[in-house]
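Here the protein sequences come in this chain order: A and B.
Using the working numbering, the letters of the first sequence map in sequence onto residues 1 to 60.
Using the working numbering, the letters of the second sequence map in sequence onto residues 61 to 612.
Quick caveat, the hints were computed from the structure, so don't treat them as lab data.
Mixed in with the good hints there might be a few duds.
Straight line, CA to CA, 20 Å or less: simulated PhoX-like cross-link-like pairs of lysine-lysine [as the list claims (entries may be wrong)]:
#: 1; chain 1: A; residue 1: K37; chain 2: B; residue 2: K389
#: 2; chain 1: B; residue 1: K438; chain 2: B; residue 2: K90
#: 3; chain 1: B; residue 1: K389; chain 2: B; residue 2: K263
#: 4; chain 1: B; residue 1: K263; chain 2: A; residue 2: K37
What follows is a list of derived Cβ distance ranges for each label pair [claimed, not checked]:
#: 5; chain 1: A; residue 1: G24; chain 2: B; residue 2: R581; range: 53 to 61 Å
#: 6; chain 1: B; residue 1: L561; chain 2: A; residue 2: L53; range: 53 to 61 Å
#: 7; chain 1: A; residue 1: Q31; chain 2: B; residue 2: L329; range: 51 to 59 Å
#: 8; chain 1: A; residue 1: F28; chain 2: B; residue 2: G284; range: 26 to 34 Å
#: 9; chain 1: B; residue 1: P105; chain 2: A; residue 2: G24; range: 31 to 39 Å
#: 10; chain 1: A; residue 1: Q31; chain 2: B; residue 2: I610; range: 25 to 33 Å
#: 11; chain 1: B; residue 1: K164; chain 2: A; residue 2: Q31; range: 56 to 64 Å
#: 12; chain 1: B; residue 1: G266; chain 2: A; residue 2: Q31; range: 24 to 32 Å
#: 13; chain 1: B; residue 1: A348; chain 2: A; residue 2: F49; range: 43 to 51 Å
From chain A, some residues computed to sit far from chain B (all C-beta separations above 10 Å) [what the hints assert, rightly or not]:
#: 14; residue: L17
#: 15; residue: I48
#: 16; residue: L52
#: 17; residue: S54
#: 18; residue: R56
For glycine and all other residues, C-beta sits at the position ideal for the given N, C-alpha and C.
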Amino acid sequence: MNKLFDLRFVIGVFFLLVGIILLGYGLFASQPAAVNKWCGAIFMVFGIFMLLLSVRKPSE
Amino acid sequence: MNLNLNGVDYLIIAIYFLFVVGIGFLLKKKIKTGNDFLMSNRSIPLWITSLAFISANLGAQEVLGMAANGAKYGLYTAHFYWLGAALAMVFLGVYMMPFYYGSKARSVPEYLKLRFDEKTRTFNAVSFAAMTVFSSGVSLYALAILMQTILGWDFNLSVWIAAGVVLIYIFLGGLTSAVYNEVLQFFLIVLGIAPLVFIGLDKAGGIDGIVQNVENAKLHLWKGMEHASTNPMGVDAFSLVFGLGFVLAFGYWCTDFLVVQRAMISKNLNAAQRTPLIATFPKMIMPAIVILPGIVLLALQNQFSGFDLPRNDAGDINYNMTLPLLLSKIYPNGILGVGLTALIASFMSGMAGNVTAFNTVWTYDIYQSHIKRNASEKHYLYVGKATTVVGILISIATAYLAKGFNSIMDLLQLVFSFVNAPLFATFFLGMFWKRTTGHGAFWGLLSGTAAAAITHGLTTAEGKGGWLGNMHEYYSGTSQAFNIAAISFIVCFVVTVLVSLFTKPRPNEQLVGLVYSLTPRQKDSSKVWYKNPFWLGMILLAITLVLNIIFF
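In isolation and in its complexed conformation, chain A is listed as follows (with noise of 0.2 Å):
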């Protein structure tokens, strides 16, 4: 089997995707609620870690 892609990649866009939309919509919501803000905050961070894993450290 030929190398894989990196997985840590795809996780890291998925969460940062979904945390720019919790995020935004914890925002600009007519009704914004904390906890999108926070929960859109976190999912970010993770997804920008496993970006920078993926990124610093090559997977075997």
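Assemble chain B onto chain A, guided by the hints.
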């Protein structure tokens, strides 16, 4: 109870579906042989196999069922983790994995063939294949019913969309795709449910609020275990330790190919050994994600209205709605989409895990062994893909069967539990007693399975069992299950020993690498503690002990 989703919630669900299918497409070109499709070419990194190991077990039964048990039994449910998982996972990593991985077996049934004979392997392979494919159908049925109940979605729509998505990503990327998605699903389940625990805990008044509002009997692990009538779980310490902690836990974690397969696709033996060990770390903190919501609900029920669980048609409290109820009461739109996606992910993870295990066992242990022995790798790739389609179709048929005849599912699960219960005795004797013979293993397994069925037929609990008579009534169905497992294990063990003593054993030289006493010890040169399976195991056992003392 009804969850009102909006556009953002649906968008998050759609993105999740897009990513899981996308992973399948990304892997499509990498899958060229049957070995790639069914065994991931034994090339998956350790962190992925470890998270997949725990995630394969993180199906709907775990996520919904443990929250339900948390509400029903309280902290006692944590025994399924700190007694019923940690010890067995350490044993698998330290003692059993060298035989599974070192023997080059591609599946658990194949190890039985190498150690014993073809008939023992076939018995295990056929029962396991049937069990996994029907379990996959049960997951599908449960998902569709839940979506119908809480979202009003059409049953057919849920069944076909979920089955279709799982089919696409397994068909394209095989086991690797299932494993990669399991890792994504793991993070999604943890990050999607953790906020629910924090918010719920805060609303309930924190730990003090839990202590003040939940009956004390549900906040301990071992209190009242001297007798089945003095604890909410309805079990005594002996049946808990022997039935759950030894027989069921070791039977599941050490012999169920669904989870063991995740370790068998590691890059090397050391990684295969460390897979279950590293998985044990997150496993030990999972009660905070899956059991605590149930306990939080109990505290909320005592302080606020609207947190009462619905009742089923028979008028009993439907504990399975614990997590959906909390989602509907605590999560606003947005994060609600994430929580619901986490639930869907748990169902799909359970289903995909079953289908991939079914693929491998069918292709290697039944098709290659009995139908076409020496075909090309390309041929087995096609068989694996065809088996995926057939497995998904059987799952769908099972879901519809369950919809029409709900009791059939109970019966199927019961029969499977009879088959599973004695299995660890066979493996234990096979790996640690060189005198064990193929005839002993086969008749031991059959006798253990029969003993499980007869014990169920002669005992009752919560109105179930007793179809042969009623010799004893247990305090709970959980207690009955633990005792059935214990009896079937003992019967399998004794019959295997007796038959083995009267039949001819295989020569020692054929058992090297398969039996503990005949296999040279591999001296682990790694001095770093986190790379040494033994020391990792010791640390895990110490943590397990501390957790049991803290929550005694």
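Consistency of the hints with the structure:
1. About 18 Å separates the Cα atoms of K37 of chain A and K389 of chain B, which keeps this hinted pair within 20 Å; it holds.
2. Our distance criterion of 20 Å between C-alpha atoms is met by K438 of chain B and K90 of chain B, whose separation comes to about 13 Å.
3. Pair hint K389 of chain B plus K263 of chain B holds up; C-alpha atoms about 11 Å apart against a cutoff of 20 Å.
4. Taken as a hint, the K263 of chain B and K37 of chain A pair is honoured in the structure, with Cα atoms around 18 Å apart against an allowance of 20 Å.
5. Against the hinted window of 53 to 61 Å, the Cβ-Cβ separation of G24 of chain A and R581 of chain B comes to about 58 Å, which satisfies the hint.
6. A hinted range of 53 to 61 Å holds for the C-beta pair L561 of chain B and L53 of chain A, which are about 56 Å apart.
7. Range check, Q31 of chain A to L329 of chain B: Cβ separation about 56 Å, and the 51 to 59 Å hint holds.
8. Roughly 52 Å separates the CB atoms of F28 of chain A and G284 of chain B, a value that falls outside the hinted 26 to 34 Å.
9. Range check, P105 of chain B to G24 of chain A: Cβ separation about 34 Å, and the 31 to 39 Å hint holds.
10. A hinted range of 25 to 33 Å for the beta carbons of Q31 of chain A and I610 of chain B is inconsistent with their spacing of about 41 Å.
11. Checked against the hint of 56 to 64 Å, the C-beta distance between K164 of chain B and Q31 of chain A comes to roughly 60 Å, which is consistent with it.
12. Here the CB-CB span from G266 of chain B to Q31 of chain A is close to 27 Å, well matched to the stated 24 to 32 Å.
13. Take A348 of chain B and F49 of chain A: their Cβ atoms lie about 21 Å apart, and the range 43 to 51 Å is violated.
14. Distance check for L17 of chain A against chain B: the nearest CB is about 6 Å away, which does not clear 10 Å, and the non-interface claim fails.
15. Listed as outside the interface, I48 of chain A is consistent with that label: its C-beta sits roughly 14 Å from the nearest C-beta of chain B, beyond the 10 Å cut-off.
16. Its beta-carbon lying about 15 Å from the closest one in chain B, L52 of chain A satisfies the requirement of being farther than 10 Å from that chain.
17. At roughly 12 Å, the least C-beta separation between S54 of chain A and chain B is larger than 10 Å, which holds for a residue marked as non-interface.
18. Look at R56 of chain A: its CB is around 15 Å from the nearest CB on chain B, clear of 10 Å, so calling it non-interface holds up.
This entry does not satisfy hints 8, 10, 13, 14, going by the numbered hints stated previously.
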